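Peer 1: Take a look at the letters that make up each chain.
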Amino acid sequence: MAIDRRLLLNLDWVLLGATLALTAIGVAMVYSATFSGAHSGLYLKQASVAGVAALGMLGVLSVDYRRLADRAMVFYLAAAGLLVHVLLFGPRIAGTRRWFMLFGLQVQPSELAKVAAALFAAKVFAEMRKDHLGLRDVLQPGLALLALMALIAAEPDLGTAFCLVPLFLSIALLAGLRLRAVASLLIAGVVLFGLGWKYALRDYQKTRIYTFLDPSLDPRGAGYQKIQSQIAVGSGGFTGKGWKQGTQSQLGYLPARHTDFIFSVLAEETGFLGVLFVLALYLLVLWRALEAAQLARDRLGAFLAAGLTAVLAFQVVYNVAMVAGLVPVKGLPLPLLSYGGASLLSTWLSIGLVLNVRMRRFAN
Amino acid sequence: VRIYEDLRLVQTRLTVLQNALVLVMVVLAGVFWHLQVVRGRSFKALAENNRSRVVPIAAPRGPLLDRRGRILVENRPSFNIVVRPEHVEDLDDLVRRLGALLRIGEGQLRERLADRTSPFRPVVIRQDAPLEEVAALEARRLEFPDVSVDVVPLRSYPLAAAAAHSLGRVGEIQKAQLELEAFAAQKPGDLVGQAGVELQYNRSLMGKDGSRRLVVNSRGREVIELAREQPRDGPSLTLTLDQELQVVAERAFGGRAGSAVALDPGTGEILAMTSIPAYDPNAFATGIDAALWQQLSRAPDTPLMNRVIQGQYAPGSVFKIVVAAAALEERVVTPHSSFYCPGHLAIYDTVFRCNRPDGHGMVSLHQALAQSCNVYFYQLGARLEIDRIARWAKRLGLGAPAGIDLPHELPGLVPSSAWKVSTHRAPWYAGETISVAIGQGQVTVTPLQLARLTALIANGGRLVRPHIVKAIGRAQRPDDPLDAPRLRPETIAAIRGGMCAVVNQRGTGWRAQLQSVEVCGKTGSSQVVASRVRQPTAHETLPHAWFVAFAPREQPQIAVAVLVEHAGSGGVAAAPVAREILAHFFQRPVAAPEPAVAD
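Here the protein sequences come in this chain order: A and B.
Numbered by our numbering, the letters in the first sequence go through residues 226 to 589 in order.
Numbered by our numbering, the letters in the second sequence go through residues 769 to 1367 in order.
Take these hints with a grain of salt, some might be off.
Stated by the list, open to error - Listed next, the in silico DSSO-like pairs over lysine-lysine satisfying Cα-Cα at most 30 Å (straight line):
1. Lys955(B) <-> Lys976(B)
2. Lys976(B) <-> Lys1238(B)
3. Lys812(B) <-> Lys469(A)
4. Lys555(A) <-> Lys431(A)
5. Lys1162(B) <-> Lys1188(B)
6. Lys555(A) <-> Lys812(B)
Calculated directly from the structure, the hints in this document are not laboratory data.
Quick caveat, the model's predicted, so the values are computed rather than measured.
Sequences are here, hints too, so could you generate the full structure?
Peer 2: Structure below.
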């Protein structure tokens, strides 16, 4: 462990504190959402995963991010290998293959792949010695990320797969990709989406989008989640119904209330004040993470911190917007709050990398 | 390795991203402000609506009792098997398992589940389920979380068909009824009275449903009860019917079509009311069985019709009571006036025959009633003319509903010259009066109207209001205001004498004689107008047999009217039915009397 005192002085205690606070709030909300049900011990599991995640963060902090980035290709290949493995050998659950068991532990490779992808993209872009990049320059890393995306999307897990898009765009943008090129990428994305709608989306995925546009089409199906989530959020009012007192969550009207819709529980039970507080914490985390990118001593560090922040920001914004009924329901966890070990672990590792970048801004 | 990297572009673009992030978060906070603070109140109402549910507690329908408190209609508990489809996750699986358990075809089950107006409305898949099915389901409660057994009170009619028309039946409320004021409190699916007393007194029988306000979870299961409003049970209805007399009257027909009604001549209380053919109202207790309904409503012998108040027949010779009363009141004749009957009367260029071809000789009113001499009444008809007959017929309660407390009573018809002009645009012919004078032609009556006429002769000339409900709960029906006598005592005495002779002095109604009770009656036969639709069978051309009677002669306690369809002469076919009713009423032996004269 090569963490000397000078490094500790440069550790961003604010970012670490906010991360811890959000994790603690998450454990409390998971408790509220599950204490009365058959899985009342989930909050303990979440808390112990948080402990493991903290150790993992410590591990990440102990190694210079540049040395980690030197092995980016290894991480990339390892992630791709695990993704192929889960597609081939993972148990099929509710039509998806997302994790496999290793030494009695659930391993969800798509979450780790996000971190690996960030290291890989940051490394590749950092080595491009150009002030301005065109589309041709970003083709190679773009295709590499697309390959990971395709593997994750095949599980299928479209939400997590899509997280690689903000990762790629943010790093490419910082690396000097011309705004014109960004625009054409966006257009290409829209065209791809159209083609994907026609040929690649499963029926249940299309139904979700249709019912998002008109929830009354299927009040008990996909639209039901949106309606019930909005009712939970709205009925929380200004001060909320109180911890463990939300009727929507406690009586089971909220679907996936301890995972993807944990923010609904928070909004119902702690009201607008609680929402404001948690959103402020998220803003603090993301702001400080981008500040780490600002302060980074090199392009690699800036890209790495910014790319990881972009993934987190996308997940936070999408999940919160979904809970408010603004965007279609997707199985995308809320970082730090949602129940789920893999997501919690990968988020702590990501923040560990960000801390790492800031901590070593003066180091040689 | 370069020692220095130019990070200016990176930092500029990062600043843009940072600001964009703040903007997005502010927008999100604004959205939550809108949802939670601006629209918070309406979402609170939705959440409240989600979690609390008002479940009705059905008020049991009031039972019907006979005049001595014996049960005519009661409620029995039944079990409905109900599916709450909004929570079912795998409908195919449920249909398969439930179909196997209840032995319902999967197609039929699927059809039932698909046929619903709202996804939140429970679907009844089995009404009045047998106990073994209920037990089988209860034992597998955990395997069928979305299936439940509701206890529903069902109407039960122990007399079955014997009092179907007066008691009526219940059935699911119809669309058209939902708009009626009488059913204002009802909702689709409710069981309401659809005929007879059940319909007429539906509102008081239903009582008032209570309700429970519950907190339910997302699967619709009760968590706690917040409030309860107890139902108000429907009060029992005490009817004027006598259960035993009702059964006797029904049996007396031996399956022949017809109707009988017995009432208390002093008060108008209906003691028995029979209409045959009938149906078993128990078959409707769970709602309308479409096939059964089709069969009953299309049957040519109209089993759904209550012949006592809806059958309109020519009164035949029973109408001679009316003509006699009119003639005496108008002083056209006295009780002692006589006419000569040669067996026919030639008048208005037509020969009208008497019922005895060789004639009755000199007949007074007394004999004319006893022997039902047509010629005597032809003479009275010719002297009275149609409009005086019509006026007296109406004064004696014909041509208008008797006002019984049962739905859909029909008025019959009393023709007059004004009626002929307005409906047929033709003048009245004097010859038609001759037919009407013996109760044929255009005049029609219901059995109830003739029973009321008989009661009037029995009670000294007063029209009573026939009714079938004696008390609602503990509230007795108020007495009707006493009607002023419509006939002079001499008129009544003369007609009573004649009617007594009909039964007891070798008259046409001798078969109604009763040991030691003096029965007074009048026979009649109602000629059947040939159907224009199809060729009638030999049976269908037979006249309907009438017999009306009251007894005893002094202080009468009962008046009856009996009609047996297509049965021939009233004395032969209807009088024995009346006799059985009277014999039971006076607790006399049922054995038939010795013949007094040849028919």
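Peer 1: Is the hinted pair lysine 555(A) and lysine 431(A) satisfied, with a Cα-Cα distance of at most 30 Å?
Peer 2: At roughly 12 Å apart (the allowed maximum being 30 Å), lysine 431(A) and lysine 555(A) satisfy the hint.
Peer 1: Hinted pair, alpha-carbon criterion (30 Å max): lysine 1162(B), lysine 1188(B). Please report holds or violated.
Peer 2: Cα-Cα ~16 Å, so holds.
Peer 1: Mind checking the alpha carbons of lysine 955(B) and lysine 976(B) for me, to see if they're no more than 30 Å apart?
Peer 2: holds (13 Å)
Peer 1: Against the 30 Å threshold, does the CA-CA distance of lysine 812(B) and lysine 469(A) hold or violate the hint?
Peer 2: holds (17 Å)
Peer 1: Is lysine 555(A) close enough to lysine 812(B), meaning Cα to Cα at most 30 Å?
Peer 2: holds (25 Å)
Peer 1: For the pair supplied as a hint, lysine 976(B) and lysine 1238(B), confirm whether the alpha-carbon distance does not exceed 30 Å.
Peer 2: holds (22 Å)
In the structure shown, no violation is registered for any of the earlier numbered hints.
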